[in-house]
Amino acid sequence: MTVSGLVVTLTRDADARSALARLHADPRLTLGEPVADRLPLVAEAPDARAGEALVRELEATPGVARVDVISIDFSSEDPDGPS
Amino acid sequence: MDRRDFLKTTALAAASAAAYRLAQGGDSAAAPGTRVTDAPGGDVTWDKAPCRFCGTGCHVQVGVRGGKVVAIAGDDKAEVNKGLLCVKGYHVGLALYGKDRLTRPLLRKNGKLEPITWDQALDIVADRVMQNPAGFAIYGSGQWTIPEGYAANKLIKAGLANNQIDPNARLCMASAVTGFLSTYGVDEPAGCYDDLDAADVIIMWGNNPAEMHPVLFSRIVDRRSRGEDVKIIDLTTRRTRTSGFSQHTLFFKPQSDLAIANGIAHLLVERGTFDRAFVDAYCNFRQRTEPPTLDGQAMSFEQYKAALADYTPEKVEEISGVSAADIRMLADLFGNRDLKITSLWCMGMNQHTRGTAINDLVHGIHLLSGHFGRPGDAPTSLTGQPSACGTVREAGTLAHALPGGFVVAKPEHRQKAEEIWNLPAGRIKDKPGYHTVEMWRRFSKPADQGGDIDTIWVQVTNPARSLPNINELFEPSRKLPGKFLIVSDVYPTATAMAADLVLPSAMWVEKNGMFGNSERRTQQWFKMVPPPGEARDDCWQTLAVARRLYDRGLPGMKDKDGKFLFDIKDAAGKSVPFWEWPRYYDVNVDRALFEEYRKFSRFKHKDLAPYDEYVKARGLRWPVVEQPDGSWRETRFRFSKHDDPYVTKGEHQFYHSVTKDDRALIWFHPYDPPPESPDADYPLWLCTGRVIEHWHTGTMTMRIPQLQRAMPEAYVEMHRDDARALGVQDGEIVIVESRRGSLELPVWLDGRAEPARGSVFVPFFDERLAINRATLDAHDPLSKQPDYKKCAVRVRRRGKAAP
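Chains A and B are the protein sequences, given in the same order.
Using numbering that gives the first Met the number 0, you'd call the opening residue of the first sequence number 0 and step up by one each time.
Using numbering that gives the first Met the number 0, you'd call the opening residue of the second sequence number 0 and step up by one each time.
To give an idea of the chain A side of the interface with chain B (calculated C-beta under 7 Å), a few residues:
{"hint": "1", "residue": "4"}
{"hint": "2", "residue": "35"}
{"hint": "3", "residue": "68"}
{"hint": "4", "residue": "72"}
Stretch-level coverage of chain B by chain A, calculated; a stretch enters the list once three of its residues show a Cβ under 8 Å from a Cβ in chain A:
{"hint": "5", "stretch": "8 to 15"}
{"hint": "6", "stretch": "68 to 75"}
{"hint": "7", "stretch": "701 to 714"}
Note that these hints are calculated values from the structure, not bench results.
Here the structure is a predicted model, which means the values were calculated and not measured.
Every residue, glycine too, gets a C-beta built ideally from N, C-alpha and C.
Full structure from sequences and hints, please.
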């Protein structure tokens with residue numbers, strides 16, 4: 000399981016509202032308090048590869064202008080360290 | 000709180016702080032909520048460190064559990080990045096854990112590298128020095144920590160007294176150094192990153208910060224997203240990610256940036272829109288001499304005007320390909336004093352056979368137009384390595400330099416260095432050592448043909464892939480008897496695998512360290528995790544060799560009182576035998592070396608604070624000056640009265656002026672064609688560089704699975720029309736060849752960037768696909784920095800003969 004802290008920047012148009020609803024409904028995400036058009040959230044994924052895919056999926060979501068990765072935890076990915 | 004909840008709490012804290020900063024544009028330290036490092040519970044301990052990769056100098060918070068780095072977060076207390084990181088930055092912790100870390104010293108025996116003990120390894124290095132001290136060189140790096148570079152520099156310049164030390168930073172920013180020296184008389188930018196928050200116009204001179212310095216670039220783009228009006232102008236030879244954010248993307252022909260700069264200056268003078276009051280008060284004019292020097296030759300304003308007369312917009316369009324209208328647009332911007340303009344550059348201007356000249360010209364436009372010294376008005380070079388400034392430029396590890404901006408050629412500088420190092424008079428030699436290209440050329444020649452360097456100790460760099468023209472500069476030495484290559488590194492790089500002796504090194508937070516970033520910011524961190532196996536600190540390796548040489552009686556290892564050159568005492572005043580590895584951390588060697596080094600920093604007004612001030616801070620920008628209340632104040636804008644405490648007269652004072660009159664120099668340099676241009680046999684320009692996922696030769700980032708997957712191999716980027724003309728498809732393997740070498744690469748069409756018609760781009764991160772077999776070792780006459788950005792190549796399909 001990897002846990003990452005992200006900031007999603009929402010677009011300033013009608014798509015932003017539907018994006019917010021989609022993010023709220025996604026069980027892999029825990030949303031924080033939005034600050035203007037910036038939404039902090041936590042993303043959980045089974046492994047690093049799934050985490051990367053999740054970020055790409057967020058980037059491709061209508062209503063999402065940008066995704067910044069703020070923190071990444073890889074402690075439980077492989078007890079002997081990554082390959 | 001269970002572990003999963005703890006991880007989520009810390010991640011959300013970091014994200015919330017960053018969201019606040021991004022939305023408000025202010026200091027995220029003021030954001031409400033919990034900080035990542037303050038989150039309750041959990042078994043992870045956090046500490047600060049600057050990122051290991053580029054010269055931006057972002058700070059990260061490093062999470063450690065059970066002796067391993069397990070988490071990385073952007074440091075919201077850091078002014079540079081305010082909690083943000085790029086894709087390399089948030090993976091930086093994984094750089095430590097590639098499966099093939101070097102863990103034991105290795106000696107080549109019968110062609111194979113075999114394990115030996117550290118005692119044996121150190122004896123071998125000492126043997127090589129004792130055998131021929133004059134032919135022993137260290138080739139270092141802008142990735143050295145400051146204490147590492149300082150120790151190596153002292154070993155060579157005070158100990159062996161042969162000045163044979165040069166860093167890989169010669170290859171990335173030496174022309175920026177000579178540009179600052181020839182313009183202001185002292186190195187490094189006057190401004191800082193704060194300029195990016197204040198500028199109305201930001202001009203990228205052959206620079207792609209969206210990929211190379213992404214956190215800095217996001218500072219600019221974030222301003223736009225908050226509704227601020229920031230104009231971005233991309234002067235480039237290929238369309239890049241930066242171009243996508245720019246209002247104006249102006250494509251120019253390679254080398255013609257000199258003509259563009261002259262064209263802007265010509266219009267400012269011709270129209271009278273230059274800042275006459277600024278020029279009259281603070282500037283002199285200069286022209287080059289033959290041979291060129293940093294001092295040049297005085298010229299009058301009328302002579303300067305006459306020299307520029309040829310650079311009409313139409314003439315510049317003819318040379319550069321940038322339209323006359325766009326040249327006028329640029330001159331209009333510089334002619335408007337209501338705007339604040341920042342110029343940024345990096346390798347595009349520095350890796351250039353006229354690198355010093357183009358650096359001079361861009362400084363000159365800013366001085367001529369008075370766009371200097373106000374926040375947002377700045378000519379600023381960026382560096383590619385995390386301590387190119389701190390370790391190379393400030394600690395003076397270039398072959399001609401001494402710490403603190405001193406040079407070996409000046410008797411008064413040598414004398415002062417000998418005082419600080421307590422050396423007998425005359426110990427430091429006045430003749431500079433060999434610059435990088437010359438050092439490696441001589442290493443690759445037999446002794447009877449001028450090859451007077453017989454041993455090179457490489458630390459923290461990978462010259463087998465990063466030198467230009469490696470077929471000539473690197474590989475011949477591997478077949479020459481009597482040449483001995485020592486490599487200290489963390490992974491089996493191409494250089495390590497070609498070495499005679501390999502020393503396994505500790506990396507980043509496996510040791511104490513200090514870096515100096517692009518904006519004069521000195522940063523510090525502590526060791527957080529142990530290095531693997533028998534890997535040891537580079538600084539220890541240097542000092543342990545020095546001690547062996549002292550024990551063997553090499554005279555240079557003693558100061559004038561007969562004491563060991565690197566005598567370090569504990570709090571009780573007793574010398575510590577730190578050269579014994581188990582005792583190395585009995586004392587903070589970094590602190591001891593830094594406190595000695597900072598004695599050099601006052602003479603050129605590069606004042607450094609005591610070590611412990613950096614422990615408390617996320618870096619401080621020099622000059623850092625002690626205040627009456629005992630606190631230490633950093634300086635954001637040098638040479639300007641509003642911020643620089645050393646300005647004592649006027650609004651601006653260039654107090655290390657070349658002309659000794661507190662004035663900066665505005666240079667005229669003509670456009671000259673490059674040493675090699677496309678022709679009938681080699682019809683394409685080759686430009687090399689980096690990509691966002693990888694750093695330098697990829698020895699760290701290619702071992703981070705997420706980054707390796709995102710960009711798994713090098714490629715040749717071609718214009719679709721050139722590919723069509725050659726009958727080449729996207730993904731097809733082609734041969735890229737120059738007069739110096741060739742390699743096979745897959746073609747990438749319509750990728751993230753697009754070269755101009757008639758040119759190709761190849762990144763250098765992939766050790767398996769060494770583009771520096773093809774590049775040119777021609778270099779700038781003053782900085783000695785080679786040009787990796789332009790040479791002539793041809794591309795052909797496999798199986799098709801060369802014409």
